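Visitor: Here are the chains, one letter per residue:
Protein chains: 2
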Amino acid sequence: MTKIYNFSAGPAVLPKEVLQQAAAEMLDWHGSGMSVMEMSHRGPEFLSIYRAAEADLRELLSVPANYKILFMQGGGLSQNAVVPMNLVGTAGRTVDFVHTGSWSGKSIKEAARYASVNVAASSQAEHFSRVPAQESWKLSQDAAYVHLCTNETIDGVEYNFTPTVQGDVPLVADMSSHILSRPVDVSKYGLIFGGAQKNIGPAGVTVVIVRDDLLGKALPITPSAFNFQTVADNESMFNTPPTYGIYIAGLVFQWLKKQGGVAAMEKRNIEKAELLYKALDADDFYQNRVAQDSRSRMNIPFYLRDESKNEAFLAGAKARGLLQLKGHKSVGGMRASIYNAMPIEGVQALVDYLNEFAGR
Amino acid sequence: MTKIYNFSAGPAVLPKEVLQQAAAEMLDWHGSGMSVMEMSHRGPEFLSIYRAAEADLRELLSVPANYKILFMQGGGLSQNAVVPMNLVGTAGRTVDFVHTGSWSGKSIKEAARYASVNVAASSQAEHFSRVPAQESWKLSQDAAYVHLCTNETIDGVEYNFTPTVQGDVPLVADMSSHILSRPVDVSKYGLIFGGAQKNIGPAGVTVVIVRDDLLGKALPITPSAFNFQTVADNESMFNTPPTYGIYIAGLVFQWLKKQGGVAAMEKRNIEKAELLYKALDADDFYQNRVAQDSRSRMNIPFYLRDESKNEAFLAGAKARGLLQLKGHKSVGGMRASIYNAMPIEGVQALVDYLNEFAGR
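Chains as they are written, first to last, in our numbering: chain A, -15 to 344; chain B, -15 to 344.
No lab work stands behind these hints: they were computed from the structure.
Hints may be right or wrong, so weigh each one.
Put simply, identical chains are the same to the list, so a pair is met inside one copy or across any two.
[Claimed, not checked] In silico lysine-lysine, DSBU-like type, Cα no more than 35 angstroms apart, as pairs:
#	residue 1	residue 2
1	K0	K241
2	K313	K201
3	K262	K242
4	K293	K(-13)
Source: prediction; values computed, not measured.
Just chain A, with the same shape it has in the complex (with noise of 0.2 angstroms):
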């Protein structure tokens, strides 16, 4: 078989050794004689994963004691309702929001069913191309959070800086789709959130890490299960939460540990960025229209010149083993996400065609 990189957006590809761990220990987890789907998610076995998932996850992010760490179903999606009904304190208060591309988009539609929104800032008009600079934002005087997506998974837009916000007023941010993929300062927020299935694990788990303050004001419509406070009162078990996906995140938090933590991270995620973006540079034959200071590490979307080359690009890809390079539809294009998993080998296979193709 041809050897394959997978640049899917999400669910996205996995650290192979995760995988092979996971393969091993599928029927009989530690001599337990049960597979991790198959334990009660009371039992000292899986509490036992559960407690070193979430341990990992602080010290790899370097969670604040006074921050929980929960682990919810849902996906970000579903975040875009349950973070107002938990954060809005009132119906109707009002949320700041960063528009940046699709996410930021949907979240603004999400949260005006509980708060007013507030669009302080838009690159909308730029076609989504870069992140408004924040001496332009024009936030509320008393707004019930600040709402950001630090990376546009479909537009390839990142946050390069962490904003500050007037007084006390909490930022919230969706991380989805670079969480753990650089060092982040997570006192800077009131909420980070993000879904699974980018860099942490399989899709059906959403971790929110959320400042002890924030708890306790859920708007009475909320669901018990979606409620902040109930989730961290049972340490993420007032339901019966995504076992296997939270063994899964657990192995790739173990998997990040030994590559040297986040920090470590960024620096391979800069250099496969660099490479891929040279690449896209080098003449006009390929096109990425984000501006440089605000470009995604993890997600690049890109354009041929010529589009009717389309089809034999991704064709020629295909068989080369580069998988799931076709842009999402709303935007059409390309797009190669290279999470953490991605080794700087694909990055270079997938380079190597660019220059192929191009005929260079």
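Dock chain B against chain A, hints included.
Guide: Structure of chain B alone, referenced to chain A:
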């Protein structure tokens, strides 16, 4: 290693063949070079897995063409909120409940956020030891729907009949812990839901079977990711579904078909349950407190007459490879869950131990 039998109430035992296939395919599904966990949910590989799972479940339960099958996240507990959000139509409208134990109790509490709740019948005064006879139910004149939990996992109470409802009031059933254990006439219900982690697959997948005419009535506060109409319109892919869990569920559906389908499973489940109840009823050393006609075939709680022997009983069971027999903390005692994937040899091993421990 001792041969293990896992009596967990959920997450619970899975068929060994399913786990073996999952382990074998972990790194490379059908020559794709990818793990199922790494596949885009919109790619042809995962879509084929999804559609086969949907079709097999439809075949196993003879789901009529005018019902949608949805694969969602959140578990049964979140459906306790999601169902009223989607079905009450107008906030505050009445929903009828039959209170037969812990899970229908949780449903009542959760629905009260969105609906006016009428407890049409309850066996609480009898310590949830039976399903109230339908003649005694005091249904409302114009309820949005009638909610039942047709198998109470904690209390060990199962319906042995399909209720009839006057007019066109939809019957909603939480079948989490006995779905696929027996044939069911889906056409008698407006909606059936179940968390996967008992008889379907790993925790994190929730199956909803809903009649077409009940779609499109969601309250404005319903998160898009939990709006049945939105989920149905997008083939359960409005947001990223729990792909790996759906894959495992699909393998379980294939396994069930090979076993002869749900009618064949029912025969075996009757045989297993009779074997176990007979041992519990042999004398008064053990006690199951559920009325004969309401006893569950799936979840069998029991008490030792002399509860000071509980720890010794559990330690002896564990030494014999009989795992997770401790009862739910809310009711104490013991509980043996004997889902589809529990072979009769496991029940026989438990019966042998019951007799041995009782000194018979």
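Visitor: With 35 angstroms as the alpha-carbon cut-off, assign the pair K0 and K241 to within, between, both or neither.
Guide: both (15 angstroms within a copy, 33 angstroms between copies)
Visitor: Quick one: K293 to K(-13), C-alpha cut-off 35 angstroms, is that within a copy, between copies, both, or neither?
Guide: Within one copy only: 24 angstroms inside, 59 angstroms across.
Visitor: Please sort K313 with K201 into within, between, both or neither, judging by C-alpha distance up to 35 angstroms.
Guide: For K313 and K201, only the inter-copy Cα distance (29 angstroms) is at most 35 angstroms; the intra-copy one is 38 angstroms.
Visitor: Classify it for me, K262 with K242: is the Cα-Cα distance of at most 35 angstroms met within a copy, between copies, both or neither?
Guide: The answer is within: 29 angstroms in one copy meets 35 angstroms, while 54 angstroms across copies does not.
Against the hints set out earlier in the document, no violation occurs for any number.
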